[in-house]
Structure formats: C-alpha cells, structure tokens
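Novice: Mind docking chain C with the ligand on chain G? Use the hints.
Residue numbers (my numbering), protein chains in the order written: chain G, 1 to 193; chain C, 1 to 206.
Please note that a few of the clues may not be correct.
[Stated by the list, open to error] Calculated cross-link-like contacts (lysine-lysine; reagent style DSBU-like; alpha-carbon spacing at most 35 Å):
{"hint": "1", "chain 1": "G", "residue 1": "170", "chain 2": "C", "residue 2": "17"}
{"hint": "2", "chain 1": "G", "residue 1": "140", "chain 2": "C", "residue 2": "3"}
{"hint": "3", "chain 1": "G", "residue 1": "27", "chain 2": "C", "residue 2": "66"}
{"hint": "4", "chain 1": "G", "residue 1": "140", "chain 2": "C", "residue 2": "193"}
{"hint": "5", "chain 1": "C", "residue 1": "17", "chain 2": "G", "residue 2": "90"}
{"hint": "6", "chain 1": "G", "residue 1": "124", "chain 2": "C", "residue 2": "17"}
{"hint": "7", "chain 1": "C", "residue 1": "32", "chain 2": "G", "residue 2": "170"}
{"hint": "8", "chain 1": "G", "residue 1": "178", "chain 2": "G", "residue 2": "32"}
{"hint": "9", "chain 1": "G", "residue 1": "119", "chain 2": "C", "residue 2": "17"}
{"hint": "10", "chain 1": "C", "residue 1": "66", "chain 2": "G", "residue 2": "57"}
{"hint": "11", "chain 1": "C", "residue 1": "17", "chain 2": "C", "residue 2": "3"}
{"hint": "12", "chain 1": "C", "residue 1": "6", "chain 2": "G", "residue 2": "170"}
{"hint": "13", "chain 1": "C", "residue 1": "189", "chain 2": "C", "residue 2": "6"}
{"hint": "14", "chain 1": "C", "residue 1": "32", "chain 2": "C", "residue 2": "6"}
{"hint": "15", "chain 1": "G", "residue 1": "156", "chain 2": "C", "residue 2": "3"}
{"hint": "16", "chain 1": "C", "residue 1": "53", "chain 2": "G", "residue 2": "90"}
If you're looking for bench data, these hints aren't it; they were derived computationally from the structure.
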Amino acid sequence: MDKLIDDEMLVAQFQAGRQNAFDELMKRYKSKIFSYLLRSVRNYEDAEDITIEVFFKAYRALEGWQPKAKFSTWLYKIASNLAIDYHRAKARHPVYALEDTEIPEARLVATDLHSDPEKQLEEKERGLLIREAVDQLSPKQKAVFMLSRYEGLQLKEVAETLDMAEGTVKIHLHRAVKRLQTLLRPLWENNEI
Amino acid sequence: MPKCKKSEGQAIDYASKLLPSAEEEPFEEHLKHCQDCSEAVASYTAVLDLTDKAQDELTVPEVALKNIEMNVYKRLAVTQEQTLLSRIRAYFVSSGSPFGWYKTAAVSSVAIALITTVVLIGKPFQSEETFRLTESQSADARIEEYRQQGIQRNLEEVLITHHLRNDAWETESQLHRMKEQAHGTNWTKVADKHLQSLQSGDSTAQ
Ligand SMILES: [Zn+2]
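With the rest of the complex left out, here is chain G (with noise of 0.2 Å):
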C-alpha cells in the first residue's frame, strides 16, 4: 500500500470497519516500536513481548481513538509507559534482574564476517559499555534522549508522548547529554571506547 495514505487516514478506515488498516499500520511502526523497546529494555524477549502489548492495546483503543495527536505519538507514548511500567517492575524485583546478568541485547549485535574477530569483540564490548552509561540516565532523561535522537521525534511530539511540557524535555536532554559525557569522559580518555 503506498504511502501516500497517512497515519490519520487509516485510523478514520480502521474505525471504519476496514480491517486491513490495522496490518498497514503495525506494519508501518512495528520495527520502530521494536527496536525504541529494545533500545530501553535491552532484552530482545522483552521487547517483542512489550512491542505486541503495543499493538494489542492500540488495537482496542484505536475505536474511540480521536486525533488530538499524531497516531505516532499516540504509539510512542504508549510504548513509553509500558516501559516505564517495565522498568518499575524489574526494580521492585530485584531477583528478576539478577536472573539475566547476560543481557541478550548484546547477542543480537549485527557481526561483520569480514572483519577481524578480535577487533570485532572490542567493538561489541566498546558499544555495550556505552548502552550501559545510557541506562545509567534516570529513566525520564533516558525516554527523552531515545524519542528524540532515535525515533525522530521533535521535542514537541516528545513533550506530548510523555505528558511533559516542552521546556522540561528540553532541560531532560541537557541533563542526558551532559550526563553521558560525565560517563563516557572517563572511558575514552583511558582508551576504552
């Protein structure tokens, strides 16, 4: 189906009673929705069972859904909270967390055949330390920082998916960034990363 059809659009036709509008749109945002959960949660089996929440609660309140905002946003911001539950969840079980010291994030790296192993297993180390400073931000920094630097989301859409005023996101991606730089500073100055 092309394009040209927004977001908006299918909405109205799923509302509708068009039943394949719904296929276009998990098409169209499940990569998306599963890689932004996959950046936060950093665990592949998380991430696909949360992106499925997404859809699935999407999908039962897209009938009284009204365009107030974008459907993007309206999907972010879903996904948002549900990681945000996520995370609450994993830090009141503590045990839980224990369980998967191996983070299967780390398994799911792209490899490059061609390039040397060694080198290849330095690189593999060097990205992991640095997703590990990103979850070192408080969780509102970490949210802020993702929607805006990797799902494209302007600081308006951000504001929106995460019920904040657009001042205050500005002032959580000050806080990440410069955050990051105190984590990282340290780690490139001794050469490893």
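Specialist: Just chain C with the ligand, lined up with the frame of chain G:
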C-alpha cells in the same frame, strides 16, 4: 581564561542539531572566537557520535518482526473478541502463510463448517491446527489471494448479518452479489450452497 557566559545548553543543542535556526548563525560566529564553547561542542559531538554508533548496532532482525502481527492477533483472540475472526484469517491470507484450504471445492466445506461454527457458537478455532492446514504460497498467487480474501470476508459478513438479522431476502441478494464478485473462483460454489440452503429454509446453511 574565564568560563564563557553562554549557556552550555546552546552547545548541547548545537551538537544535537537542535538549535533553532535563528540562533545557529550567531552561535557559529561566537564559536570562532570562543574556545570554551568550541571545546564543549567538540566534546558533546563526540559523546553523541559514540552513543549513536552504539545504538545503531542494536538492530531488530527482520525475522524477529515476522511474527509480531500474528502474535498481536493471537493476544487479541485470547480476549475472545468474535469480530476478530475475519481479521485473523485475513491476516493469514495476506501474509501468504496458511489458508490454502479454500482453493478446492472439496475443502471449502471446511470453510462453511468453520464459518457456521463462528456464527452459531462463536468459538472459531478448536486449536491452532486449523491454521496449519496448508501449503506455502507462491508469490504470483498473492494477487489472486487478495481478491479471494475480500470475497471470503464478504461471505463471513453476509453470514453473520444473516445470523443477527435473519433477513432471508437481504441475505439472498448479498449472496448473489458475492457470487458475482467471486466469478471464476470456488467461492461461487460456496455461495450456491448457501443460496440453496437458504431457499430450503435451513438457516444454518449447513
Ligand atoms: Zn562561548
């Protein structure tokens, strides 16, 4: 050298490419003369480059995305929303996996049984086995499938409407319309069968 009075936020915004366009040029002009800000911009740019690279490594493999739709519909099916049936089936047809079963007249009775089950009982599938009745589909069968998918959906709607409203005359004309649309496919036989049972007064169309 005293610290520059400009806000660090501007350096971050500039490195993040989020500085409002009106502020861009004056800030670039400022950078030419201010070492503090130039260093800050360089440092933040390095931070962002590193995180970008680390995040880019996290790609979702295509294979992981394949089952998302199916699992969403399964999840929805668990909540027993009857109206989902046709959506689930339409999805399977359009995704090119199962449901080759309507291809021959012999198995189209399976379709009727299935639809009748939905209409009467509301529990479409006994098990997932029903989904796996099929052979895999070749790419050029796809277009025809889309057409048949539409016909199939119409038939389901006709039967559900008939069940709800029990208007034989309306159902009959809908079936005729569906039959026209289904010209050249086995669905015409399915429509005929329903028309026959309708005329013989058997509302279950079995
Ligand atoms: Zn300066």
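Novice: Honestly, which of those hints from before does the structure not fit?
Specialist: 4, 13
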